[in-house]
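Protein chains in written order, with our numbering: chain A, 1 to 235; chain B, 1 to 235; chain C, 1 to 229; chain D, 1 to 229.
These aren't lab readings, by the way, just hints derived from the structure by calculation. Be aware that one or more of the hints could be misleading.
Below, a sample of chain B positions facing chain D; criterion: calculated Cβ distance under 10 Å [unchecked claim]:
#, residue
1, Gly43
2, Ala44
3, Pro163
4, Ile200
5, Pro202
Cβ atoms here follow ideal geometry from the backbone N, Cα and C, with glycine treated the same way.
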Amino acid sequence: MDKTIQTAAEAVAQIPDGATVMIGGFGGSGAPIELIHALIDQGARHLTVVNNNAGNGHVGLAALIEQGRVDKLICSFPRSADPGVFVAAYRAGKIKLEIVPQGTLAERIRAAGAGIPAFYTPTGFGTDVAEGKPVAVFEGRSYVQERWLKADYALIKAELGDPHGNLTYRMAARNFNPVMASAATTTIAQVSRLVPLGGIDPEHVVTPGIFVSALTEIPNPAQEEDLNRAEAIYP
Amino acid sequence: MDKTIQTAAEAVAQIPDGATVMIGGFGGSGAPIELIHALIDQGARHLTVVNNNAGNGHVGLAALIEQGRVDKLICSFPRSADPGVFVAAYRAGKIKLEIVPQGTLAERIRAAGAGIPAFYTPTGFGTDVAEGKPVAVFEGRSYVQERWLKADYALIKAELGDPHGNLTYRMAARNFNPVMASAATTTIAQVSRLVPLGGIDPEHVVTPGIFVSALTEIPNPAQEEDLNRAEAIYP
Amino acid sequence: MIDITEIKLSNAQIAWRAAQDIEDGAYVNLGIGFPEMVAQFQPHGKQAIFHTENGVLDFGKSPDKGHEDWDLINAGKKAITLNPGTSFFHHADSFAMVRGGHLDVAILGAYQVAQTGDLANWSTGKGGIPAVGGAMDLVQSAKRIAVITDHVTKTGAPKLVDTCTMPLTGVGCVTRIYSSLAVIDIEVAGFVLREKIAAISLDDLQSLTGAPLHLDGPLQELACPKELA
Amino acid sequence: MIDITEIKLSNAQIAWRAAQDIEDGAYVNLGIGFPEMVAQFQPHGKQAIFHTENGVLDFGKSPDKGHEDWDLINAGKKAITLNPGTSFFHHADSFAMVRGGHLDVAILGAYQVAQTGDLANWSTGKGGIPAVGGAMDLVQSAKRIAVITDHVTKTGAPKLVDTCTMPLTGVGCVTRIYSSLAVIDIEVAGFVLREKIAAISLDDLQSLTGAPLHLDGPLQELACPKELA
Chain A
1 MDKTIQTAAE
11 AVAQIPDGAT
21 VMIGGFGGSG
31 APIELIHALI
41 DQGARHLTVV
51 NNNAGNGHVG
61 LAALIEQGRV
71 DKLICSFPRS
81 ADPGVFVAAY
91 RAGKIKLEIV
101 PQGTLAERIR
111 AAGAGIPAFY
121 TPTGFGTDVA
131 EGKPVAVFEG
141 RSYVQERWLK
151 ADYALIKAEL
161 GDPHGNLTYR
171 MAARNFNPVM
181 ASAATTTIAQ
191 VSRLVPLGGI
201 DPEHVVTPGI
211 FVSALTEIPN
221 PAQEEDLNRA
231 EAIYP
Chain B
1 MDKTIQTAAE
11 AVAQIPDGAT
21 VMIGGFGGSG
31 APIELIHALI
41 DQGARHLTVV
51 NNNAGNGHVG
61 LAALIEQGRV
71 DKLICSFPRS
81 ADPGVFVAAY
91 RAGKIKLEIV
101 PQGTLAERIR
111 AAGAGIPAFY
121 TPTGFGTDVA
131 EGKPVAVFEG
141 RSYVQERWLK
151 ADYALIKAEL
161 GDPHGNLTYR
171 MAARNFNPVM
181 ASAATTTIAQ
191 VSRLVPLGGI
201 DPEHVVTPGI
211 FVSALTEIPN
221 PAQEEDLNRA
231 EAIYP
Chain C
1 MIDITEIKLS
11 NAQIAWRAAQ
21 DIEDGAYVNL
31 GIGFPEMVAQ
41 FQPHGKQAIF
51 HTENGVLDFG
61 KSPDKGHEDW
71 DLINAGKKAI
81 TLNPGTSFFH
91 HADSFAMVRG
101 GHLDVAILGA
111 YQVAQTGDLA
121 NWSTGKGGIP
131 AVGGAMDLVQ
141 SAKRIAVITD
151 HVTKTGAPKL
161 VDTCTMPLTG
171 VGCVTRIYSS
181 LAVIDIEVAG
191 FVLREKIAAI
201 SLDDLQSLTG
211 APLHLDGPLQ
221 ELACPKELA
Chain D
1 MIDITEIKLS
11 NAQIAWRAAQ
21 DIEDGAYVNL
31 GIGFPEMVAQ
41 FQPHGKQAIF
51 HTENGVLDFG
61 KSPDKGHEDW
71 DLINAGKKAI
81 TLNPGTSFFH
91 HADSFAMVRG
101 GHLDVAILGA
111 YQVAQTGDLA
121 NWSTGKGGIP
131 AVGGAMDLVQ
141 SAKRIAVITD
151 HVTKTGAPKL
161 VDTCTMPLTG
171 VGCVTRIYSS
181 LAVIDIEVAG
191 FVLREKIAAI
201 SLDDLQSLTG
211 APLHLDGPLQ
221 ELACPKELA
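So that you can see chain A by itself, here it is in the shape it has in the complex:
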């Protein structure tokens, strides 16, 4: 069994129009820029994207939005240093927005990966985000029922990967990547270094290969922050 794929283009080739795609990262850290750019080149449209943010500048997720590929965005925080692309699309009515509190977003994704269709959280009780959701009282405190959030595809960024799909991450670039890996039907990882089987200490694996469908090596991956400081635009 070898899950490695030669190019980012090949890795994202099957993503169809209308797919729900989770994209890892928190701001630029852990954002799989090369996979996102490959998805732009591939041309899929009418996507629903799940990400913590809404893109920054004119690369990565912002570029995907700028190219008109995203019909709906599910995120917790659509602000950034340069959120112009999203703001313009939103104000023009070209993109729908579902705001989810960050912890609820993470837990809904984790629940999807863990086979839990619904759970109760204190987060958002009494606020607009609880509107229309069931509420229940446990031990005298009120909680909101939240549902799992699944995806067809997850595009994630990891540090080391082996042919079975075992992954590690780099510092705070871990963020949403491991939970998204577990919540999608097909999970595609870009890894900064592909190592042979056995090249990752079993104690240090963060995402076991069972959650990964395919991985491709992208050495020296682009950092969104660096691209934006250089005022890069994709494509």
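With chain A's structure known, arrange chains B, C and D on it following the hints.
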């Protein structure tokens, strides 16, 4: 801040009669034998214990039960190579038993640590373990509502520990230890090696110190399997 | 009642047959006890990856006696070994894999299997001390749930039944049974016979089965390596 | 209306005051923006441990310019550094820490705080694009929720109000406010004034506050280092 404590006896000194105590381990792997024996010496009674199993032979959890300290056991699998101590106590009506499917047990403990008072699982639907629990249908499938499971104390076994309570584990001895660490008001860890702050790579920490109240170094900890092969009896 | 002692498959043969259906690269959980034997019979060129509930994925075979490390065990508390590719994780993450539907196959033992796919394998209901372990999680969540079992109990009563009389492990979960006499799928119609050993007649097989055996397409011979008998 | 421009505390002074109440060994989350400043003023001998939602515990101060690593950032996307004792974890684990009540203190900014402890700090409700981030999780779950804020808006309207008119972040969650004029606890009675700067009278302070200020025990002077002004 230094959470280290010199002896196992000192670490468990405050556990009162009637406490709910989670004890890590799966069978003998990851079982904090020295902390359990210190708890036996300490004398607390009428305990509710949460563990995957019900003890083996006459050491560790089996010894705690044999000494008559456990009023109730919450576990998934009360069988072992030598379950005589538990079986005798159970048949004599001296100990209550709550059987929880293993994945539900793990998730109830995780939920307690994660502030989730209830969740839905397919596990156990239509079986005796679902009796009396709310059932709900999501997307055409039936699920059972399960509640979080909290404890006053958790006794866990780790491999490395630093003064802030950051922990690693050894192979399959990880099992229930990290989730139990998160679910108790007070978590006490025995570590096989205490290292200075910075002695654990931040990428390799499994239990961040925020979940650990106190830790004590027990070099060369006893392995339940070895004790039982030597027919050890405690005390 | 027909005596099947001489003709029925050995446990090793049943395990061998179950192993033939595991696809290359499949993620597999084997129940504790008899099902663990399936791992010994992976067909050449097909490499399954084994998961054990206590937090290990992609582990290797049993160590030689005297080389056990008791921190490296499977759900049956038996010593295992590392593979290149092994990973460790905690119990909640382990059952996230299970419950989340990430396992391709789980193979379990059975006290009783009903023609509806209901499984009873955790409690005889006779006042013994119940012990469920991870079975209830596995049967609700793996993509395919198979059972390996003797076709009848030690006293000759059917284990494949109309309705389970023992406490259930899961409802409508089993899709294939590898028994000591036959391979049987569970479909909307109930038990659908796919393969039987040559030494038993269809009538005799039916007489040892607690619900109707349906035929749907060709009936194959269930043939296993004789050296495993 | 009284002009407080000359007498009110600077942001640094407010952050300094909030930092004095953080106990040694406390686990603390600082909201993005202004609250991040609190970390600079830890009192000597008291070492707080900082958590950031994006999966880092026990991190260090900002790196020197040019030494940033953009994989090592806080929730405000600003570069941070490692401490001995730092750990990394994923987002679901990070919010398990938050929601599970493991943080001792969270300090956040505010648009409005009501005398009931309701907080509005995520959406002005005026058709701007809403952005909630981790605030709703933090305010429901940390053991103590404090707010640091100017006492009034730029146009002089009270930010401490009877009832929030902006969309809520959380209900009944804030227990202490460090404002540019006062330190106020939120108790059953409502706003309880604990400290005020010497340069403002009680009447003037009340006139800038949207709900009654109660007194309960001695009223202290809110004095901050002048060099932070």
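Now for the hints, and whether the structure bears them out:
no., hint, in the structure
1, Gly43, "30 Å, violated"
2, Ala44, "25 Å, violated"
3, Pro163, "8 Å, holds"
4, Ile200, "8 Å, holds"
5, Pro202, "4 Å, holds"
When the structure is compared with the earlier hints, violations turn up for hints 1 and 2 and for no others.
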